[in-house]
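Asks: Chains A and B, in that order, are what the protein sequence lines are.
Going by the working numbering, the first residue of the first sequence is number 53, and it counts up by one from there.
Going by the working numbering, the first residue of the second sequence is number 5, and it counts up by one from there.
Read the hints as simulated data drawn from the structure, not as lab findings.
Where hints are given, some of them may not hold.
Cross-link-like lysine-lysine pairs, in silico, DSS-like; alpha carbons within 25 Å at most [unchecked claim]:
1. B/58 x B/14
2. B/139 x A/65
3. B/139 x B/125
4. A/200 x B/105
5. A/87 x B/105
6. B/125 x A/61
7. B/139 x A/200
8. B/14 x B/105
9. B/79 x A/87
10. B/58 x B/15
11. B/139 x B/56
Just some of the chain A residues that point at chain B, by a computed CB distance under 8 Å [claimed, not checked]:
12. 62
13. 65
14. 69
15. 95
16. 97
17. 98
18. 101
19. 145
20. 164
21. 174
22. 175
23. 196
24. 199
The structure presented is a predicted model; accordingly, all values stated were derived computationally and were not measured.
Cβ coordinates follow ideal geometry from the N, Cα and C atoms, glycine included.
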Amino acid sequence: MGGDDFVGKLRIKFAKEQGDVFVRIQNALKAGDIKGAFLLVHTLKGAAGLIGEPMLVKAAIAAEHPLRHGEMPGLIVMENLQYTLDDVVSAIYIPQRQEVTEWDKAAAAELFDGLQTMLAESSAECFMILDDLEKIPETEELVALIEKCDFAAALDELLELRTKLEL
Amino acid sequence: MIQNLNQQVKKSRILVIDDSPLELRALSMILSGIYDVKLANSGQIGLDLAQKFKTDLILLDLNMPGISGFEVLTKLKNDEDLADIPVIIVTGSDDSADEVKGLELGAADFIRKPIVDAIVKLRVGVHLQLRAQLKLVESFSLVDGLTGIGNRRNFDQTMRAEFRRAARSGQPLGMLMLDIDHFKRFNDRFGHINGDECLKTVAAVMTKTANRGSDFVFRWGGEEFIVLLGETPMEGVIAVAERLRQNIEDTAIYCGEEITFATVSIGAGAIIPSPIGTNPNDFKEVDYTPEIKKFTIAVNKALHRAKGGGRNRVELA
Numbered sequence: 053m054g055g056d057d058f059v060g061k062l063r064i065k066f067a068k069e070q071g072d073v074f075v076r077i078q079n080a081l082k083a084g085d086i087k088g089a090f091l092l093v094h095t096l097k098g099a100a101g102l103i104g105e106p107m108l109v110k111a112a113i114a115a116e117h118p119l120r121h122g123e124m125p126g127l128i129v130m131e132n133l134q135y136t137l138d139d140v141v142s143a144i145y146i147p148q149r150q151e152v153t154e155w156d157k158a159a160a161a162e163l164f165d166g167l168q169t170m171l172a173e174s175s176a177e178c179f180m181i182l183d184d185l186e187k188i189p190e191t192e193e194l195v196a197l198i199e200k201c202d203f204a205a206a207l208d209e210l211l212e213l214r215t216k217l218e219l
Numbered sequence: 005m006i007q008n009l010n011q012q013v014k015k016s017r018i019l020v021i022d023d024s025p026l027e028l029r030a031l032s033m034i035l036s037g038i039y040d041v042k043l044a045n046s047g048q049i050g051l052d053l054a055q056k057f058k059t060d061l062i063l064l065d066l067n068m069p070g071i072s073g074f075e076v077l078t079k080l081k082n083d084e085d086l087a088d089i090p091v092i093i094v095t096g097s098d099d100s101a102d103e104v105k106g107l108e109l110g111a112a113d114f115i116r117k118p119i120v121d122a123i124v125k126l127r128v129g130v131h132l133q134l135r136a137q138l139k140l141v142e143s144f145s146l147v148d149g150l151t152g153i154g155n156r157r158n159f160d161q162t163m164r165a166e167f168r169r170a171a172r173s174g175q176p177l178g179m180l181m182l183d184i185d186h187f188k189r190f191n192d193r194f195g196h197i198n199g200d201e202c203l204k205t206v207a208a209v210m211t212k213t214a215n216r217g218s219d220f221v222f223r224w225g226g227e228e229f230i231v232l233l234g235e236t237p238m239e240g241v242i243a244v245a246e247r248l249r250q251n252i253e254d255t256a257i258y259c260g261e262e263i264t265f266a267t268v269s270i271g272a273g274a275i276i277p278s279p280i281g282t283n284p285n286d287f288k289e290v291d292y293t294p295e296i297k298k299f300t301i302a303v304n305k306a307l308h309r310a311k312g313g314g315r316n317r318v319e320l321a
């Protein structure tokens, strides 16, 4: 689906979002939360399909099936899921955020104005300005919250940053 | 007409409800350039956004922690204000029982994950077109043929919706009832064709005067009209009523070679409907019919006082 840039962005997001999912699945199973583990595996399956990883989709389906019926997946199924996930994630290069040395305060204030409205309205447009946002110092948490689509928390963070950066 | 429909479809607002930020991001990347896309990462946030923003279509995930997709769908379909929004379920489930259940609950369609951008765009486009066509047909049945403003049926629907909205927000809802003074005499003197001209002129002045997004104008029947003023306290209602009365008095009505003027009597009122319960979803279950009737009668009585008190005036309920 989509172009290379589109899939590339999704793969990076996949690695950030799903990189630790196996640990979360295991924790859920240890706590006896079969439904929680099912939801995590189900989401992983969808995400793997989205970035075009059929082996991982199959591994997730194998784990999802018993969980859907309230049963624990077998050891081999879980090991296969873990190794397949590791293979996929380790093959994805996550670019490191550049350190911000110079930034335009007026442009940042304008960007924050627009972002504030977008977040208040839960608008998907806020994804389009993430690259520009990363050029402003101390926006790591804000970017992370937007990527998680937690717009209410992102709005709080934005308002705090405005005060802190005097924007 | 078709071009207008297409433009309307392009301005559509789509709400995507999915607990996976990755899926939300993917769907927003597919749809953002074409539509206004809002995102919710839980069922509850999705329901809140659907109530807050006028939404034309919802893409809904089924398996979510907290409120599941089926629960969201049920709540949407039980809500008079939201029930007609087409919901497309986007799911990784290959269980046909889920598909049957979703369709039985009122889903318009299904899209299987992993999503394919062309399929998403085409299915969304088809359902938005259908909705726009349905809205167009509906609008014909809600407009007064002579004046072009809302008809009685439109008023009944809008009044119920605005009453619920006011109950939810705690903001007052204003209402004006207007009656053209001595309209029978006008018809006798200038004839019914010019009488129609008078009705059209009054409707046009009303539309111009009550022109905020939250204002609605209707022909109640005969020479009676209604204005609903959303989020307007009594002082605002009085100000609009007085301005409307004055604007109508000042507007010329062309009757062939002659120019004449009309006046109106106005009953005015404002109400904050009584909320029941503390959960916002409780408002859905409340039948406001008796309260609406009581409010309408009170404003109507004020209108009769305005007529009895000498006409061309505003009386308060």
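Asks: So which hints don't hold here, by number, going up?
Replies: Of the numbered hints given earlier, those the structure breaks are 2, 4, 7, 8, 19, 20, 23, listed in rising order.
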